[in-house]
Structure formats: structure tokens, C-alpha cells
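Asks: Sequence:
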Amino acid sequence: MNGFGDLVRIDLSGETVTVEQIPLALRRRYLGGEGINSWLLWEHFLHHDPKSDPRGPDNVLIVGLGPLGGTPFGLGSKTKFTFKSPAYGLFGDSTAGGGFGPTLRWAGHDHLVITGRARRPVYLSIDDDRITFHDAALLWGKNTSETNRLIRHELGTAEMELATIGRAGENSVGFASITVSDHRAAGRTGGGCVMGSKNLKAIAVRGTKGIAVADTRAFLVAMDDLVSRLKEKPQLTNNWRRRGTLDAVDYLNVIHANAYRNGQLSSMPEEAIHRINGDAYTRDLMGSSYSCSPGCATACSAWHRVRGVESVAAKHFPNEEGLKPEYLTIASLGIGTDIRDLPAVLHLNKLCTEYGLDVVEMGNAISFLMECRQRGVLDDVDRASWLRGPENVEWGNWEAAAEIIEAVGTQRNELGKLFRDSVYRAAQQIESHTGRSAVQYVSYGKGGATLSEDQRPFPGWACNIAVSARGADHLRGLSPLEKAGRKDISMAWFGKPDAGEVHGVSLKGAASARAENINCVVNASGICLFMPTRDSLIFGLDALEPALSALTGVTFAADELYEIGERICNVEKAFNSRLGLSRADDKLCDRWMNVPAPDGPGKGMKAADYLAMVLDEYYDWRGWDKTTGLQKREQLAALGLEDIAEVLAREGVLIE
Numbered sequence: 005m006n007g008f009g010d011l012v013r014i015d016l017s018g019e020t021v022t023v024e025q026i027p028l029a030l031r032r033r034y035l036g037g038e039g040i041n042s043w044l045l046w047e048h049f050l051h052h053d054p055k056s057d058p059r060g061p062d063n064v065l066i067v068g069l070g071p072l073g074g075t076p077f078g079l080g081s082k083t084k085f086t087f088k089s090p091a092y093g094l095f096g097d098s099t100a101g102g103g104f105g106p107t108l109r110w111a112g113h114d115h116l117v118i119t120g121r122a123r124r125p126v127y128l129s130i131d132d133d134r135i136t137f138h139d140a141a142l143l144w145g146k147n148t149s150e151t152n153r154l155i156r157h158e159l160g161t162a163e164m165e166l167a168t169i170g171r172a173g174e175n176s177v178g179f180a181s182i183t184v185s186d187h188r189a190a191g192r193t194g195g196g197c198v199m200g201s202k203n204l205k206a207i208a209v210r211g212t213k214g215i216a217v218a219d220t221r222a223f224l225v226a227m228d229d230l231v232s233r234l235k236e237k238p239q240l241t242n243n244w245r246r247r248g249t250l251d252a253v254d255y256l257n258v259i260h261a262n263a264y265r266n267g268q269l270s271s272m273p274e275e276a277i278h279r280i281n282g283d284a285y286t287r288d289l290m291g292s293s294y295s296c297s298p299g300c301a302t303a304c305s306a307w308h309r310v311r312g313v314e315s316v317a318a319k320h321f322p323n324e325e326g327l328k329p330e331y332l333t334i335a336s337l338g339i340g341t342d343i344r345d346l347p348a349v350l351h352l353n354k355l356c357t358e359y360g361l362d363v364v365e366m367g368n369a370i371s372f373l374m375e376c377r378q379r380g381v382l383d384d385v386d387r388a389s390w391l392r393g394p395e396n397v398e399w400g401n402w403e404a405a406a407e408i409i410e411a412v413g414t415q416r417n418e419l420g421k422l423f424r425d426s427v428y429r430a431a432q433q434i435e436s437h438t439g440r441s442a443v444q445y446v447s448y449g450k451g452g453a454t455l456s457e458d459q460r461p462f463p464g465w466a467c468n469i470a471v472s473a474r475g476a477d478h479l480r481g482l483s484p485l486e487k488a489g490r491k492d493i494s495m496a497w498f499g500k501p502d503a504g505e506v507h508g509v510s511l512k513g514a515a516s517a518r519a520e521n522i523n524c525v526v527n528a529s530g531i532c533l534f535m536p537t538r539d540s541l542i543f544g545l546d547a548l549e550p551a552l553s554a555l556t557g558v559t560f561a562a563d564e565l566y567e568i569g570e571r572i573c574n575v576e577k578a579f580n581s582r583l584g585l586s587r588a589d590d591k592l593c594d595r596w597m598n599v600p601a602p603d604g605p606g607k608g609m610k611a612a613d614y615l616a617m618v619l620d621e622y623y624d625w626r627g628w629d630k631t632t633g634l635q636k637r638e639q640l641a642a643l644g645l646e647d648i649a650e651v652l653a654r655e656g657v658l659i660e
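Take 5 as the starting number for the sequence shown in my numbering and just add one per residue.
Since the hints were made in silico from the structure, they are not lab data.
Please note that the accuracy of each hint is not assured.
To be verified - Cβ pair distances, simulated, as ranges:
1. 23 / 392: 43 to 51 Å
2. 561 / 435: 32 to 40 Å
3. 655 / 6: 36 to 44 Å
4. 598 / 433: 20 to 28 Å
5. 650 / 258: 19 to 27 Å
Cβ coordinates follow ideal geometry from the N, Cα and C atoms, glycine included.
Whole structure, please, built from the sequences with the hints as guidance.
Replies: Structure follows, in C-alpha cells:
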């Protein structure tokens with residue numbers, strides 16, 4: 005079928021492979037990428053207990069890329085990894101750029117469904133239609149770059165794109181990430197832990213088939229239209245190419261959204277932020293820009309090499325290379341920890357990539373420990389008698405931060421084991437062990453997942469973090485509406501400017517729901533989310549409609565695409581409902597709820613003053629029950645999800 009590839013089911017227990025075609029009816033309902041992935045997760049857990057241990061063999065790892073991924077359309081390619089999260093115990097997924105997903109599509113495969121547990125460490129090789137299992141015993145215990153080098157050597161080709169775990173995944177760290185295409189990461193919710201629990205060290209892919217286009221002329225016209233849209237915003241695209249998400253470091257400091265020193269303040273001092281922001285990177289380190297994935301016209305990635313003279317810390321790792329960091333890399337490993345040395349932050353990011361650790365959860369673990377040290381929750385006696393961690397876990401100490409990352413990745417001491425699940429669980433263990441209050445110093449949202457931004461003065465953002473299906477998350481409800489004050493988008497969406505009021509409450513729940521629907525279908529299409537979320541008026545679903553239709557030969561109207569996004573959100577919600585989640589789980593941590601914002605234009609705001617109201621509006625907009633947060637039969641039926649409604653009804657988590 006033009007524009008679409010097949011689905012490969014791989015059973016690691018029996019080392020069997022089956023290939024299936026995805027029915028067109030399923031494509032029309034869920035499109036691909038996140039949509040098909042989430043449906044496959046739902047389907048898998050109809051035959052397995054959804055409450056089973058996510059580190060057990062009954063979990064599943066699903067890999068998928070939507071139809072526009074791997075094409076030259078112009079908005080890049082983002083691959084989805086989907087599973088039950090071992091970090092937070094709910095729906096889990098993560099996104100990565102790089103060439104892995106596109107290469108999988110060029111091999112003819114849109115989705116992988118990996119089940120069971122291998123009897124020994126293995127890696128998979130996918131070379132077009134040839135899929136083989138390889139012994140990975142000699143790779144076990146190695147970090148990601150060494151693993152990739154050895155696999156390419158063994159397979160005899162440098163053309164392989166890889167998705168690999170490091171030692172954190174092998175050691176079942178709940179927030180272990182998957183390192184993709186050598187330097188990218190599917191970071192959030194613990195996909196690396198799922199791979200490790202299955203004794204799966206890596207997936208290597210080579211594809212030579214390409215992607216068939218139904219109507220080449222019409223697809224080129226759609227590409228030309230996208231280029232015209234990009235030219236409408238030259239400042240946006242040029243800034244994006246130069247700084248990428250680092251552009252947010254300064255802006256979020258100005259509006260007081262940066263969680264400085266673990267969120268005790270919401271803005272980093274000016275003399276410090278200038279050492280680790282986008283200007284510092286482009287001035288001192290950045291090489292030439294390039295696209296992190298095929299088919300991207302904005303090229304927001306870049307390569308750098310530390311020379312050893314850029315800062316005080318740089319002399320410790322001269323010639324260390326890596327990719328341009330993202331905003332959340334700087335926010336988690338720099339702003340949150342008060343590490344004011346950019347090469348040091350890049351080094352910590354490199355360690356996370358090698359061990360395979362989510363930089364957001366890991367950075368929050370470090371800043372949480374630093375605040376615990378500051379407040380006397382943990383002291384020298386705890387370090388010496390129990391944790392065996394580094395000395396001087398003080399604000400700004402990058403060397404202590406590096407030791408903490410190593411401890412978590414290797415699980416070599418009690419400090420590392422403390423963070424085997426998540427920061428939230430670690431805080432609970434500290435309270436149990438010491439009798440001292442610790443959970444109040446964790447910045448978390450739904451599921452106990454951490455995030456490195458201050459939510460308090462931003463009602464829409466707080467809603468996003470509370471309701472996100474995969475736990476506290478910066479991408480699910482991402483839009484420029486609130487923090488950029490885009491009243492024009494609010495007018496286009498609702499006929500009112502309210503959602504564009506930065507600190508306002510009105511329409512923030514509705515905006516969260518609408519943004520989630522749009523972002524879900526963007527993820528299902530296979531493109532990168534960032535340009536559509538920079539300006540959703542210019543890069544809206546009307547830009548995807550002609551490209552998808554020309555590529556596949558199947559007509560997808562913009563309103564149909566929006567409904568696909570809403571359907572995907574409801575499948576993910578239904579999965580969590582089967583786990584027992586309800587409105588009571590759509591919550592934020594104590595600091596965000598009850599401690600007033602300490603500074604900035606939103607000083608004095610706290611989520612307890614508005615979150616209930618915003619959630620009511622969110623559930624109303626979704627057609628869910630406001631009291632319980634559960635879905636209603638009539639709303640699921642309107643989306644053609646009667647089969648899901650029946651499952652929820654049998655389990656008592658549906659409002660009739």
C-alpha cells in the first residue's frame with residue numbers, strides 16, 4: 005500500500021517473527037505512529053493483565069513511525085516507543101528523532117510489536133525483510149556508544165541505525181531511556197527498562213526499499229506549500245535553526261517558568277543563565293546545524309566538540325563530542341541543579357546518553373538530593389552509613405552530579421538503588437528510612453513523574469502536567485497559546501482571547517484538551533511536533549491533509565485528522581482507567597499546589613487556587629465525567645470506540 009508499511013510481531017521468548025498488513029480501516033481510525041502504537045498497546049493488554057509488573061515478560065515494547073516520517077515532506081521524523089511505564093506504572097511512551105524510525109520505514113516496516121523475554125541477552129537485526137536474533141552476551145554491561153560500534157562491526161556495515169540501551173536499562177532502572185541513532189534519546193517513562201527486562205540490548209535496522217508515493221506531483225505541491233508556510237515566519241525558523249529549544253532558556257527565565265534550584269525559585273540569576281543559555285552554546289561550542297532526522301527543513305540540531313578551554317570544568321573533558329542540548333537538558337541538569345558551567349552540563353548529558361537515563365528524571369533526582377542536603381533531610385551520617393554517595397552534594401557541584409548519575413546507572417550502591425524507580429519513590433523511601441519529610445521537595449505531577457519547569461503561575465500548563473496520559477509531561481498539551489500569550493490562536497480556536505492570557509484561568513482546560521488532540525495526530529503522522537507547536541495557525545492540520553492524502557492515496561480531511569487525535573487520546577485514557585486511575589490521580593505536587601510562586605509576574609499564584617476549575621473545564625471539553633474523571637459511553641460511541649466502552653463497562657470504570 006502506498007505510503008504505508010507493515011507490522012512485525014517479534015516474540016523474544018520463542019524467537020519467532022510474523023509480518024502482518026495493517027487494515028485500512030485501522031489506519032483511518034488511528035493513522036500510524038502514536039495512534040497505531042496506542043491501539044496495539046490496548047490490544048495487547050486485552051490478552052494480558054494490565055496491572056502486571058511492567059518489568060515482567062507480559063509487558064510489550066511497540067515501535068512505530070507515522071506515514072510522513074522518513075519522507076522529504078519537510079517537518080522531520082519522530083519515532084514513538086510505547087509500553088506500560090515501569091517508572092510510573094501507567095501508560096508509557098517516548099519520542100525520538102534520528103534516523104532509526106525512518107530507516108525502519110525504508111525497510112518496509114511501520115511498527116514493531118516486541119513481546120516475551122529472551123532466554124539470554126540478544127539484539128535484533130532488521131535488514132529489509134531479513135530479521136534475525138543475535139547473541140548479546142559480550143555487549144551486556146557496555147554503554148551505548150561502545151555497543152553500537154561493536155554491533156556495526158559484527159554486522160559488517162556502518163549503515164545500521166540503532167536503538168540501544170545502556171547499563172541503566174540492563175539494571176532495570178525505571179526511568180532508563182533508549183539511545184537512538186547514537187546520540188538521540190527516547191527519554192521519558194522507562195522504555196530502556198522495558199528493553200532490559202526483556203534481555204533486549206539493541207535493535208539494528210537497515211532499509212533500502214524507500215517509501216512509495218501514491219501521487220508524486222500532489223506530494224511535491226504539498227511540500228511547496230509547506231515551504232511557503234516556513235517562509236511566512238523567517239525569524240521563527242532562523243531562530244529555531246540556530247538555537248533549537250535552547251531559545252526557551254532565556255524566555256522562560258523572563259516569564260519565571262524555570263525551576264531554579266529544584267523549583268525553590270522560578271528564575272535563574274542573570275549572571276548565571278548567560279553561562280548556559282543558547283547564546284553561550286552558539287558562541288562557544290556550536291558547529292554547523294544539521295537535521296536530526298530525514299525530511300526536516302529547519303535543521304535545529306548541531307554538533308559540538310569541547311575544546312577544553314571554554315570554562316573551568318571544560319579542561320576535564322577536552323575533545324568530548326555531542327549534539328546540541330535541548331531546553332530540558334539545560335533546565336534539568338543546569339538550572340535545577342544551579343550548575344553554571346555549560347561544558348559540565350553537556351558532560352552530564354553525555355553520561356545520561358551512555359548509561360541510558362532520562363535527563364529529566366535524572367536531573368530532578370540530582371536537584372532533589374541537593375535540596376535535601378540543603379534542608380538537612382539527608383546529612384553526612386546518611387551518606388556514610390547508608391547511601392554511600394558522593395560528598396558535597398551541594399548546589400552547582402557537577403562532579404557530585406556525575407557521581408550520582410554513575411551510581412544510578414550502575415546501581416552500585418544504596419544511593420543508586422534509591423532511585424531505581426523514580427524520584428517520587430525515592431523520596432518515599434527516604435521518609436520511611438529517616439522519618440524526615442522529603443516528598444514535599446519533589447517537583448512532580450501525574451504518576452509521580454517529574455518535570456523541570458515551574459507550573460504555578462500557568463494554569464494551562466498546570467492542567468497539562470496533571471492530566472497527561474504518560475505522567476507529568478511537556479509535550480502532550482504543548483502549544484504556544486499560554487506562555488507566548490497567543491490570543492490570535494485563542495480567537496481561532498474558541499472565538500475568544502482568554503486562552504492567550506498568560507496567567508488567566510478561562511479556557512485553559514479547553515485549550516489543553518484541544519492541544520492534546522492536535523499533538524496526538526501530529527505524532528501519529530510521523531513528523532516532529534515542534535514546528536506545529538511553535539505556530540499552530542501556520543503549521544496546522546490543514547498542512548498535513550494534502551501531504552498525507554498524496555502520499556497514501558487515502559483522503560484525510562483536516563477535521564478527520566482532528567478526530568483521529570481525539571480518538572488516540574481516549575484510547576490512552578482508557579488504558580489508564582483499566583489501571584484504576586481517575587480524577588484523583590490528575591494532580592500536582594505540594595510545591596506547585598500549595599506554595600505560592602516566589603517571584604515574577606505570577607508571584608503569589610499556586611495551583612490549589614485554580615486547578616479544580618481548570619480540570620472541570622477540561623473534562624467538560626472532553627465529554628468525560630467531572631466528578632470521577634472517567635469516560636462516558638456516549639462520548640466513546642461518538643468516536644466509534646464502542647468496543648473500548650464495553651471493556652471499561654465490564655471493569656466498572658465507565659460512566660453510563
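Asks: If a hint holds in the structure, say so; if it does not, say that too.
Replies: Structure-based check of all given hints:
1. 23 / 392: 43 to 51 Å: holds, 49 Å
2. 561 / 435: 32 to 40 Å: violated, 53 Å
3. 655 / 6: 36 to 44 Å: holds, 39 Å
4. 598 / 433: 20 to 28 Å: holds, 23 Å
5. 650 / 258: 19 to 27 Å: Given about 50 Å between the Cβ atoms, the range is violated.
Checked against the numbered hints listed earlier, the structure breaks hints 2 and 5; every other hint is satisfied.
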